[in-house]
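Chemist: Let the sequences and hints guide you as you build the complete structure.
For the protein sequence lines, the chains are L and Y, in the order given. If you count by numbering that gives the first Met the number 0, then the first sequence holds residues 0 to 208, one letter each, in order. If you count by numbering that gives the first Met the number 0, then the second sequence holds residues 0 to 208, one letter each, in order.
Please keep in mind that the hints were generated in silico from the structure rather than gathered at the bench. Please note that a few of the clues may not be correct.
A pair holds if it fits inside one copy or across any two, identical chains being indistinguishable in the list.
Think about it this way: if two alpha-carbon atoms lie no more than 30 Å apart in a straight line, the pair counts; the simulated DSBU-like pairs of lysine-lysine are [stated by the list, open to error]:
(1) K161 / K208
(2) K161 / K183
(3) K183 / K67
(4) K56 / K67
(5) K155 / K208
(6) K66 / K56
The structure presented is a predicted model; accordingly, all values stated were derived computationally and were not measured.
Number of protein chains: 2
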Amino acid sequence: MAAPEETAVPARRRRGRPPFVENHRERILERAAVLFGTHGFQGVGIAALADDLGVSKAALFHYFESKKEIYDSIVLEALRGLERSVYDSLSDEDDPETQLLAFMRAHAQFFEDNYWKFLVMLVGFGGISPPLVDEVMEIRNAYEQRLRAIIRAGVKDGSFAKVDVDTAGRAVLSMLNWMARWYKPGGPRRAADVAAEYGDLLLRGLSPK
Amino acid sequence: MAAPEETAVPARRRRGRPPFVENHRERILERAAVLFGTHGFQGVGIAALADDLGVSKAALFHYFESKKEIYDSIVLEALRGLERSVYDSLSDEDDPETQLLAFMRAHAQFFEDNYWKFLVMLVGFGGISPPLVDEVMEIRNAYEQRLRAIIRAGVKDGSFAKVDVDTAGRAVLSMLNWMARWYKPGGPRRAADVAAEYGDLLLRGLSPK
Chain L
0 MAAPEETAVP ARRRRGRPPF VENHRERILE RAAVLFGTHG FQGVGIAALA DDLGVSKAAL
60 FHYFESKKEI YDSIVLEALR GLERSVYDSL SDEDDPETQL LAFMRAHAQF FEDNYWKFLV
120 MLVGFGGISP PLVDEVMEIR NAYEQRLRAI IRAGVKDGSF AKVDVDTAGR AVLSMLNWMA
180 RWYKPGGPRR AADVAAEYGD LLLRGLSPK
Chain Y
0 MAAPEETAVP ARRRRGRPPF VENHRERILE RAAVLFGTHG FQGVGIAALA DDLGVSKAAL
60 FHYFESKKEI YDSIVLEALR GLERSVYDSL SDEDDPETQL LAFMRAHAQF FEDNYWKFLV
120 MLVGFGGISP PLVDEVMEIR NAYEQRLRAI IRAGVKDGSF AKVDVDTAGR AVLSMLNWMA
180 RWYKPGGPRR AADVAAEYGD LLLRGLSPK
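Modeler: As structure tokens, then:
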């Protein structure tokens with residue numbers, strides 16, 4: 000097996016990104032996410048991925064055992080990144096309304112910043128294989144529970160009306176995740192601003208006060 | 000080419016459905032939707048579909064020119080059915096709130112009743128090919144406009160708060176369509192009841208009155 004130095008994945012210039020990606024593994028995941036997100040898992044072979052990266056298949060197998068491991072790693076890393084990014088945006092000292100809006104903005108911001116991995120993650124929920132499935136489900140469940148805890152706290156302290164917590168949590172994630180179907184990065188609006196509008200709508204409701 | 004009588008697609012018994020499907024074309028679309036929805040478009044060949052239906056490939060080609068035409072027909076028929084079903088549930092004489100809830104319930108009910116075609120339709124929006132793409136986009140746009148018209152009327156007559164109509168319409172469709180990712184038919188709850196809960200949440204909002 001070639002040493003990492005010899006299997007360097009060329010870092011292509013992309014606007015707004017550093018010209019050199021130090022982490023080869025990360026570089027592979029980024030490009031694989033674009034290809035999987037565009038052509039589907041079955042539509043991308045290891046050879047096509049290696050070709051896209053300008054490396055040999057052996058170089059890829061230095062980092063990953065299989066195409067499936069690459070795919071699963073994208074799903075897992077996107078989910079971990081989402082969790083970290085959203086949790087970092089939350090402060091227990093903030094009121095539930097502020098926390099809910101921070102959650103929604105951070106979720107949408109991460110989606111925009113990690114567009115292709117996020118798309119692959121959403122698709123991958125349905126097709127992930129052991130042994131990663133347990134960890135993925137654990138993180139996802141914890142993530143949903145965190146959101147529900149914010150809503151539950153708001154219902155409890157009177158910041159929110161007495162809504163069904165599970166329904167409200169699902170509504171929030173539905174609005175955020177459905178953005179993957181219509182929002183395209185690079186346009187005039189930030190995803191986080193769209194999320195803030197959803198949050199505002201959800202807080203105020205359609206009925207006049 | 001064999002006559003339709005000789006290419007009869009066997010109608011298998013399914014709970015809650017008539018034991019005989021008179022329309023062979025419809026029967027092909029139903030089974031193809033299950034297979035495409037389960038394995039993806041690329042994961043299902045004409046041979047596998049014919050085998051599933053217990054007919055020859057020639058029999059399939061009697062009704063459809065290609066696998067893509069089958070796929071596109073599923074997308075188009077699901078969208079037409081959704082439109083018809085939802086519009087039938089609306090009455091101009093009802094107030095905007097009633098119309099909005101009727102829209103949401105009917106959309107979810109159609110999804111539950113046409114689960115696999117609906118899934119294929121949602122995926123197919125991204126990959127549909129000419130000449131159907133124009134018709135599909137036209138129906139979809141008209142459908143979204145109909146929803147927005149209800150919300151706009153409510154904002155105008157004071158039934159609804161002065162919300163952004165496009166954002167509210169997107170929020171409604173996000174909640175409904177994301178159900179395709181987590182709701183499974185056959186469980187204890189009707190999809191229409193879930194939609195009604197979403198509608199109630201959206202109308203009242205999270206903030207206490």
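Chemist: Checking each numbered hint in turn, tell me which of them this model violates, lowest number first.
Modeler: none
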